[in-house]
Amino acid sequence: MILMQSGFKNIQFIVGGQNTVERMQYVKPLPPFSDEVISFLNELSKIVIRKGRTFSDVVTFGFWCRRAALLAEKEKYDDKKQRYGKGIVFHIAPSNVPVNFAFSFAVGLLAGNANIVRLPSKDFEQVKVICDAINQLLAGDYSYMSDYLCLVRYPVSKEVNDLFSALCSTRVIWGGDGTIAEIRKSPLKPRANEITFADRYSIAVIDSEAYLEADDKDAIAQAFYNDTYFSDQNACTSPHLIVWLGEKKKEAKELFWNKAHSYANARYELAPVQAVGKLTALCKFSANRKAVFDHGRDNLIYRIAVDQIDEGLMDYRYNSGFFFEFDAESLKEIAPIAGERCQTLTYYGIKVEKFKELLGDVKILGIDRIVPMGKSMEFSLIWDGHDLIREMSKRIEIW
Amino acid sequence: MDYNDILKNSPYSLAAPEKNTLLTERLVELTKHHYERCTPYRGMMDAYGWDPDAINNYYDIPFLPVSLFKQMDLCSVSKEAIIKTMMSSGTSGQAVSKIYCDRATANNQQKTLAKIVTDFTGASRMPMLVIDTPSVIKNRNMFSARGAGILGFSIFGSDKTYVLDDNMELNVELLESFLIKHQGQKIFLFGFTFMVWQHFYRELMRLAGEGRHFDLSGGVLIHGGGWKKLISEAVSPAEFKQRLEEVCGLHDIHDYYGMVEQTGCIYMECECGHLHTSIYSDVITRRPQDFSVCNMGEPGIIQVVSMIPESYPGHSLLTEDEGVILGEDDCPCGRKGKYFKVNGRLKNAEIRGCSDTYAVRF
Chain A
1 MILMQSGFKN IQFIVGGQNT VERMQYVKPL PPFSDEVISF LNELSKIVIR
51 KGRTFSDVVT FGFWCRRAAL LAEKEKYDDK KQRYGKGIVF HIAPSNVPVN
101 FAFSFAVGLL AGNANIVRLP SKDFEQVKVI CDAINQLLAG DYSYMSDYLC
151 LVRYPVSKEV NDLFSALCST RVIWGGDGTI AEIRKSPLKP RANEITFADR
201 YSIAVIDSEA YLEADDKDAI AQAFYNDTYF SDQNACTSPH LIVWLGEKKK
251 EAKELFWNKA HSYANARYEL APVQAVGKLT ALCKFSANRK AVFDHGRDNL
301 IYRIAVDQID EGLMDYRYNS GFFFEFDAES LKEIAPIAGE RCQTLTYYGI
351 KVEKFKELLG DVKILGIDRI VPMGKSMEFS LIWDGHDLIR EMSKRIEIW
Chain B
1 MDYNDILKNS PYSLAAPEKN TLLTERLVEL TKHHYERCTP YRGMMDAYGW
51 DPDAINNYYD IPFLPVSLFK QMDLCSVSKE AIIKTMMSSG TSGQAVSKIY
101 CDRATANNQQ KTLAKIVTDF TGASRMPMLV IDTPSVIKNR NMFSARGAGI
151 LGFSIFGSDK TYVLDDNMEL NVELLESFLI KHQGQKIFLF GFTFMVWQHF
201 YRELMRLAGE GRHFDLSGGV LIHGGGWKKL ISEAVSPAEF KQRLEEVCGL
251 HDIHDYYGMV EQTGCIYMEC ECGHLHTSIY SDVITRRPQD FSVCNMGEPG
301 IIQVVSMIPE SYPGHSLLTE DEGVILGEDD CPCGRKGKYF KVNGRLKNAE
351 IRGCSDTYAV RF
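Heads up: the protein sequence lines correspond to chains A and B, in order. Take the first sequence: its position 365, counting from 1, is numbered 365 in this note's numbering, and each next residue is one higher. Take the second sequence: its position 297, counting from 1, is numbered 297 in this note's numbering, and each next residue is one higher.
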């Protein structure tokens, strides 16, 4: 395929160049978790952990792609010998999460593909640290990976989207229904597949008695903070609704929110517009639905008690520390809010078997992840209901 | 409480304690009024846990974020009673506020504005130059903030003349003939800050370069609409005044602060350069952390209260502006009430998270 030249003029190449895109079309797909890729990511891990140590998200990525960690993941795939990458994966990273792009291309590589990545438009320092490290490796011992990676920036451009979409075998779109609709205007090859991460919401379930018995309440507050305030409560994994179970809800809530407040107060800076935004969200909600607002001690935590939950509730969700709370008698009561748009359930003090029972008992279309409190953002190769390695690779049958 | 009785007081006549009593009585009454007549408002007050009997100071009355009027219809009268709907000026694509006015509220807006402005300009009508294009008021039923401002201030003028054409260019001949016609009279000029600068001052400068000078030293200019655009051009309020005086002798210049959501209750800038609260309204600055009240001199989010709004629940609003209360009852200009300054819009925060990655943001 000869590439249209005109689309390229708006593209800024951070890793690779126009020639890389040309050559990418001829590279050999690799088997999942190939030694070449694992060695490359392991080296990348070393550099970014050193150079990006001031960024917790860069360090997290670095730890995630160490050789030992990747080899452990590899063990989970019993069909890896029959699998190969599909060709080129085109990733559209979110503009406001710095390191997400790195997990995305790393998975693309691990699945055996060449990767074109549209980087966040914002100039995050974290992006620079990771891209510099990649360039250093590609210029040295890892030049053999050069044709597998191309990291670019470009302004909103259907022409460029068209170009990359026509080349790829898998397209990965991170986040935002609006983004997905926009990118989908660019056609894919007939056999290409697409992995989209749409706008979703998440919930948390806490057992009041278990919480009161816990002796690590500060650690729980930290875990909750990491799930919520750390991403301005604006990641799709951040809970917007807290469901309380058990007999000692009132007591547990008081303690829980006090701890959460102390932890967040020391770390989270609420900008004036966020304070006004939260008040606006409260007004919009209470104008339409019955709500009891807990004034708390300041604007850091907004708690709105609701006596009914359904999917419509989540249309009123907001960020920066804005929580609906619901008292439930049993886990089953979450069913009305666990529709397709519900992504992650984080929990504290509930046995995993309870969730398995629940999924067997009632119709739950959503909820693709059930993880302990504090782990909502932890990246895994099964994400948002997608088995990323398998969806970015093909399985070959040989008789 | 009849608003017309309140209007009998002159706008800067009451000291803090009397003003507080008056505001509290009227604003509590308005809160109850809207609670009974506006269902969405009632829901908000219920969520707040508002108890009218527990409130003995208007500082304790809940405030609505001003942007709510962009996001929902808030009205405390029947649709039939609405005689005009005012809209905020938003650039295309942005949501605009919709403010529903019945006859009483619309009248009170007009009367209040008159009381406030004549305190600065005197009671008699003056020949009026509008520094804008006439097309801004074409649709009389849907008032934009610009149009509403012009029409509101028109009551102070006679022989109202728009000096800009549809291309926002100064009609020099029209200006010339207007000034000849009204020679020796006090001229009233009105316009939006940015328009005055961009389309009037700059053009006068250019004409001065050609040797054509205009004398407006006997005029009074009232301008509003914010400094945002001029700050990007690095023009300070002081420079704005100084340059206008240099080019045409105009020195009686008053900025004002106000918003379409509380039309009528504007905050005029006095001779000392301070924005003043009249007795019909007030300004409270609040801390973003907990919305507690700021001390004098401490910058905070501006809350505005107004005794006018009866047809929509806009009597207590939290703006998106930051300001500072400079003093109360002791401005050297002699007017009572709080005086303050506006620092500008609250800064937009960069929110993290993973939605909206592509479509609109950049």
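Don't take every hint at face value.
No more than 30 Å apart at the CA atoms, straight line, and that leaves these computed lysine-lysine pairs for DSSO-like [unchecked claim]: (1) A:122 - B:138; (2) A:189 - A:217; (3) B:228 - A:122; (4) B:347 - A:128.
Derived from the structure by calculation, the hints contain no laboratory data. Just so we're clear, the structure is a prediction, and the values are computed from it rather than from any experiment.
- request: For the pair supplied as a hint, residue 347 of chain B and residue 128 of chain A, confirm whether the alpha-carbon distance does not exceed 30 Å.
  value: 26 Å, holds
task: Given the hint that residue 189 of chain A pairs with residue 217 of chain A, test it: the Cα-Cα distance must not exceed 30 Å.
output: 52 Å, violated
query: Given the hint that residue 228 of chain B pairs with residue 122 of chain A, does the C-alpha gap stay at or below 30 Å?
result: 24 Å, holds
query: Holds or violated: residue 122 of chain A with residue 138 of chain B, Cα cutoff 30 Å?
result: Violated, because 42 Å separates the two Cα atoms, which is more than 30 Å.
When held up to the earlier numbered hints, the structure conflicts with 1, 2 and fits the remainder.
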